[in-house]
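S.K.: For chain A, the structure is supplied; the task is to place chain B on it using the hints.
Chains A and B supply the protein sequences, listed in that same order.
Following my numbering from start to finish, the first sequence increments by one per residue and tops out at 441.
Following my numbering from start to finish, the second sequence increments by one per residue and tops out at 369.
Please keep in mind that the hints were generated in silico from the structure rather than gathered at the bench.
Any given hint might turn out to be false.
To spell it out: a stretch of chain A is covered by chain B in this simulated footprint if at least three of its residues, at any positions, have a beta carbon under 8 Å from a beta carbon of chain B; those stretches are [stated by the list, open to error]:
#1 54-66
#2 409-418
Simulated pairs of lysine to any residue, SDA-like, Cα-Cα distance not exceeding 25 Å [what the hints assert, rightly or not]:
#3 K326/B to E152/B
#4 K55/A to E73/B
#5 K55/A to S88/B
#6 K89/B to G382/A
Computed from a prediction, not measured in an experiment: that's the story for all the values here.
Note that beta-carbon positions come from the ideal geometry of N, C-alpha and C, so glycine has one too.
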Amino acid sequence: MKNRLTLNQIHLMAWMASAVCAVVICFFVIISMSYSNYSASVDSEIQDFKEKTQKVFRRIEAELAVDNAAAVPALSQMFEDQLGIKSIYLSKLLPGGCSPETECIIHDSGLVTGAKLIQTKHGSHVLVAESSLPSFWSEFSLGSFWWVVFAIALLSVTAILIQRAITQKYVVNPISQLVDQSLQNKETSDYYPLEIQQLADDLNASFEARDKALFGQLAGGVIHDLRTLVHSVFSAVQLVDESADNADRKEQALELLYQASKTNIPKVHSIIETTLDGSREITIDDWETNLVSTIQSAIEESQEAATKSAVRVLFEPESEVSFSHDTVQLGRAFSNLIRNAIEAFDEKSIKGEKTVRVLLKEETSLVKIIIEDSGEGLKETGPRVFRFSQTTKNHGSGLGLLITKKVIDAHGGTISAEKSDDLGGARFVITLSKTSDGGVA
Amino acid sequence: MKKLLVFLFIGISLSAQANLIEVPVSFQEALAPQDTTSSSRFQNEYTSAIEAGKKLVDDELMKCGYSIKHSTEFYEASDPLQARERSSKAQKENAWLVVAPRRSNHYLLSVEGATETPTVSLMANASKVFELGDLHLTMGMSNDVIAKAAFEAGLKELKKKKVSYLTIVNEDCVFCLDLAKTFDAQMKGQKKLGEFKVVSDTPDILKLKEQLKGLSPDIIVLPNYSKSSSHVMAGLKDVFPRAIYISGDGWGSSAFGYVQNGNNLAGVVGFSARGSVPSEDALKTFPVGRALLSKPTASRKFPASNSALSILKIVEAVKDLLCSEKPKTRSEFLAAYKKKGRSYFKPSWGSGIYKLQDSNLSFVGTAKE
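In isolation and in its complexed conformation, chain B is listed as follows:
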């Protein structure tokens, strides 16, 4: 009898699973550089965030009649074209959703490769990203809020209302150029000493020093990604020992990036504003996050990073969209995404301000909208 019940249960489960609609979701991310400890750690935490999210939503999804079938791809960030190639491939393979890279220029290329597929970026927030339409969304915060928050933190640190500033921006980064413009807009009325363009993750410091000779900025706007920013700060700290560096969320977090525990950043003070707050505070703001917090072991293991939070929120958003709109096919999902996606795929936490001091990025407060 017991055996019969067991067989019945397995049979029902299997038949239930056999009726589940498989939702293929392609996760794609750039690693820079791909073969470092930092990137392998990021990779592990990225995949474990997906697994954790799926575990938390699987039961509910099954009840709704769905299961997520995900694939994960990582590629070298120095070859952005791969974002387009991989998303194009995912579209050909009929992925229902592409969870695209977090960098804005990579995301823009990803969208180009998958124009007929819903996409969402973990945190791209260049202004062009917000102009892509309802099919292509982002979990990132707008640059205006971020730029304003970072600037105000800098003013407070300097205890001044009027400052002079200069901008050092990576010319080969769309997000960085965009953020630089946003900082200019937010810092209107302040004295701009100049804008200096650099390229690559390791800009030419000697050339930069030559260009900056004779200048004495209070604030240096560094709206670039972490490796480039860390390299510039280390190179200029002796030239401008009293300057405050400010940025958006390109500097990475306390978990990842080259600014946290960066080489030779002792004495450097800066502020980074980003579309996230400390992990525990952020998890409390959405159901799956709270569910995770209720499992101490799982929440301890969960990576405390913006990317992991975004992944968890995205998995929840997929579950919510599927369970509420119940699309049977890819095209139905696409239509539902277009119509309702914005309400699901958005961060539930605010933006945070992080201070760089003694090579450590620490949360100092929440930015007001």
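Just chain A, same shape as in the assembly:
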């Protein structure tokens, strides 16, 4: 099983992502609000500066009007200290943007400047006052932001705990109960959320359908096969009964009974074992041997059916491949796949050449066995193919691919079902590890 995230981890990730988004949004909101406050604060500072410069300019103009320009530096220093103005001085020119008619205030790049042209009978003077405006970042404080971050973190932790509990109660527990329910026929609980109740109903319906399918297939497939085999033995037994008066005929009947039993009882045994294999663990008895031989044996087993159906089975190994495996079980698996491919041609009236190809590819640590055909292909591909489901065949248990997969799994390998690009039909790819502990990632 791949490394999967737990619900708790998903909750944590979701809330962390939400918390980060919330923090980022809050940060921008705080920046916007702070900038708005800063703008208002700057406007207020400029207004305050305007009032101060008015007072300063009037005072200095009074001295200039009585020809006391000598007092201007001292007065300027006094006002700079008292009113917190950066500098006050006499200039030769008005700053750009100022009109000689009125006192002007201009602000730019963190500096606010006031200027006035003062004309007295003793001469003209340009009076300038400057003050610094605070920058946004010098005024900006993250104080309240940290409280917001703290609140979001607290909220997230609380939410994670609550959501965890809610998910456990309303999702995980109900699903867990569904599993129990499927096994023990328990009722659903009243507090199931609507969606879970829906799932429970769908699951119950699928369980019923599956029960029907199982019974149907077993009845229709397995029991049918068993009946056919048992019937032929039974017929031979009846023949023996009828021949009780005639020794020669009885001997012939007994011989027939022996042959029928010899042929059919192992088949009955095989069907029973296969059916049982669908429900139990498959144990393998592996030993180092030639895989090519195992495949060839499987092909030989199917040769009669292939000939009968005019299907060409191709296998051209390049070399022997020796590795540890259970020849019986793996042979069964290969045989099942080859036989399925051949039988699929019988089900459909396929035009063109009927080919089943077996490929063996050896890599450094892996071995791949590819069984593909030129038939119509599978109705569906992927892992579902290997689950027990209603078979399309008129006979058989429908457990074949399931058991094939179990055999491959027992060898630590993988099997996949897909469409064959070369032949156009189904394609099964079996991957087996050549290492002693098996296991293909």
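M.R.: Just chain B now, kept in the frame of chain A:
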């Protein structure tokens, strides 16, 4: 019959009043600072001096065919430009006379705003004030007499003929700079240790102490207004415990200002010479003053301050000018003022010397011209 006589009398009075020429006079003064107890007291006494003066001259004025219609305006002394703005406004409103602020720099601005209107200051006495011409007069005494009187009082107190002195002057005060120069002229021959400029009513004492380190003056010339002078004296008294402070009339009087009963001036000795003598002595020197003295209740209520005396004298001068020259229009008044104003609008009392001791300013004598 009685009723008829009463109605006749009222009718005659009203008709007489209806023929009176209304003389609009604008009184304008700076208050520093405007919202203190001292300034509100000054304000009350200023207005009551006007009322008292008008009461005393109303009958005679009416007989001459005039009545004074006055307006009073006070403004913040830290905004001297208002002197110009208000006098300009008064000129636009066709005031015949502007009684302008007592501080020299305010008065100079007031004159600038009312160049075509007769003005008179209560006591401005910077040298520029005396150069303004016949239309713009002052009730103040010249600085030369004042400076000489204060200096001589200081010499007498020290019992010395040769002294060392330094000057601490408000650079933002035209009158103060002017008076400082006048003191230099009067104290020629004495050892001047330096002149140190300050600004505002509360100069930086620490900076001043640093500048004055190592000096040992006998006399400190402090030709500034009362708040600044009081602040400096309090700040330096421990540095120069034996120095004598001298000034003109910027220190205020026993009624007003920050030197009288000043904070932390115990031990400070100084002399202020000004263009006034004690109120009762001054009132005796002119008719309206004597008329006031003849009314005990009224004279008790009358404020004993230089400003009040000047206001009373100005009201009398207006009455005298109107009754003697009989101008019918504003321009006639202006012409009469220009021609004869100096003879009416001048103080009738001499200059007085006031000693500061134990935070008290007391009259010690009259200065010789």
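S.K.: Next, verify each hint and record whether it holds.
M.R.: Going through the hints against the structure:
{"no.": "1", "hint": "54-66", "result": "holds (count 8)"}
{"no.": "2", "hint": "409-418", "result": "violated (count 0)"}
{"no.": "3", "hint": "K326/B to E152/B", "result": "45 Å, violated"}
{"no.": "4", "hint": "K55/A to E73/B", "result": "20 Å, holds"}
{"no.": "5", "hint": "K55/A to S88/B", "result": "20 Å, holds"}
{"no.": "6", "hint": "K89/B to G382/A", "result": "103 Å, violated"}
In terms of the numbered hints stated before, the structure departs from hints 2, 3 and 6, listed from lowest to highest.
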